[in-house]
Amino acid sequence: MSLSTADQHQRAVVFRALHEGPEPFVVPNPWDAGTARILAGLGFAALATTGAGLAHGLGLADGADLVGRDTVLENARTIVGATPLPVSADLESGFGDTPEEVAETFRQAAAAGLVGGSVEDSTGRADSPVRPLEEAVERVAAAVAAARELDFPFTVTARAENFFQGVPDLPDTIRRLQAYEAAGADVLYAPALPDADAIRAVCSSVGRPVNVLMGSPALRLSVADLGELGVRRISVGSAMSRAAFGAVVRAAREILDHGTFGFGADALPYAELNATMSPADSESEPAP
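Those letters in the sequence shown? Residues 1 to 288, per the working numbering, in order.
Hints in this document: simulated from the structure, not taken from any laboratory.
As the structure is a prediction and not an experimental result, all values here were calculated from the model.
Do not rely on the hints blindly, as some may be mistaken.
To be verified - Computed spacing ranges between beta-carbons, pair by pair:
1. Ala6 with Tyr270: 33 to 43 Å
2. Ser204 with Gly262: 46 to 56 Å
3. Gly34 with Ala218: 25 to 35 Å
4. Leu42 with Glu20: 17 to 27 Å
5. Arg250 with Tyr270: 15 to 25 Å
6. Thr260 with Gly59: 47 to 57 Å
7. Gly259 with Ala61: 47 to 57 Å
8. Ser204 with Ser2: 22 to 32 Å
Beta carbons: idealized from backbone N, C-alpha and C, even for Gly.
From just these sequences and the hints, can you work out the full model?
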């Protein structure tokens, strides 16, 4: 499905407005068109792709630069076409060594129908997993500049990867997010923050909406809890895709270990799932 200019603009405006509402909103993370349709049908207001979910669905490890930009954007394009909802994308570290290549990634993301995307400061190198701050800021600024060239409000999310990359440095994480805010990022994101105090510290240190990653059993906070801490957007990353893989593993183990098929009781009924995938479900337009 090819979006009209007016449709993409409308989705972009809806997505931007969600960040300005009185309560935090949850943006779940589908990894293909089918899961996008399920999540849209259940009533979520926007979607965001998951790089890990895509990689695992392709039989590849995440975080090893095994999934290229073309594959990521083609996956995003199918998700955009599956529902009338705004879609943001996990654009990894921008798919390039230079700020110019990051900017090109964001231009291509917009051409794929996306209305938002994230750029992270990870390097993919085990010996030095997080980019120097100056270099990271240049890449965020390039993404922002490319977004501002568009004729609709493309939402740029800047990610500080310290905690996610095993560098639990809260002061440096805050310093980075503040620098990304100064570079023009619309949303700030530090995945894997360890507790409520860290989340509160991040939210109180910046002036732009903050996205928090949930889905870890170690971080048990509700949407309401996160709102009280100052969070504006909540994502689940690969948690849903891993939950789906978990269901497959449990079903397979039941068959192999017990010779039974009880897992079918938890499966979506065929007719219900088939109806969800009907093209008619994607005809409606998002609310203004």
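Hints versus structure:
1. Ala6 with Tyr270: 33 to 43 Å: holds (37 Å)
2. Ser204 with Gly262: 46 to 56 Å: holds (48 Å)
3. Gly34 with Ala218: 25 to 35 Å: At roughly 29 Å between Cβ atoms, Ala218 and Gly34 fall inside 25 to 35 Å, so the hint holds.
4. Leu42 with Glu20: 17 to 27 Å: Once the Cβ atoms are compared, 23 Å apart, the range 17 to 27 Å for Glu20 and Leu42 holds.
5. Arg250 with Tyr270: 15 to 25 Å: holds (20 Å)
6. Thr260 with Gly59: 47 to 57 Å: The hinted range 47 to 57 Å is violated for Thr260 and Gly59, with Cβ atoms some 28 Å apart.
7. Gly259 with Ala61: 47 to 57 Å: Given about 32 Å between the Cβ atoms, the range is violated.
8. Ser204 with Ser2: 22 to 32 Å: violated (43 Å)
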